[in-house]
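For the sequence shown, this note's numbering assigns the number 415 to the initial residue and increments by one for each residue that follows.
No lab work stands behind these hints, which were simulated from the structure alone.
Using N, Cα and C, we set each Cβ at its ideal position, and we do this for glycine too.
One or more of the hints may lead you astray.
Unchecked claim - FRET-style restraints, in silico, Cβ to Cβ:
| id | residue 1 | residue 2 | range |
| --- | --- | --- | --- |
| 1 | T447 | S426 | 31 to 39 Å |
| 2 | F467 | S442 | 18 to 26 Å |
| 3 | Q471 | E437 | 18 to 26 Å |
Unchecked claim - SDA-like mimics (lysine to any residue), calculated; alpha carbons at most 20 Å apart, straight line:
| id | residue 1 | residue 2 |
| --- | --- | --- |
| 4 | K431 | D463 |
| 5 | K431 | F445 |
| 6 | K431 | D460 |
| 7 | K431 | E462 |
| 8 | K431 | T454 |
| 9 | K431 | G417 |
| 10 | K431 | Y458 |
| 11 | K431 | L418 |
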Amino acid sequence: MGGLFAPAGLDSEITEKLSEACEEAIHSERFQTFATQSGTVLNYRDAEDFDEFFRSQYESNTSLIDASGL
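Required output: the full structure, derived from the provided sequences and hints.
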């Protein structure tokens, strides 16, 4: 899993621009070729969906995160 993180409170216009740029990049022919050649599994989430996914994973794994001292 990977994702792009930005500071809390980032202006919504900047968040939208970053989200659009990431989506454009991941759907580009060059990136698709790289993903195929490297066996990378793509599951793109826009900013809102990624935030929701990350928060749910964090909540599900809170005990592990606390135990590791992160």
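Hints numbered earlier in the text: which of these fail when held up against the supplied structure? 8
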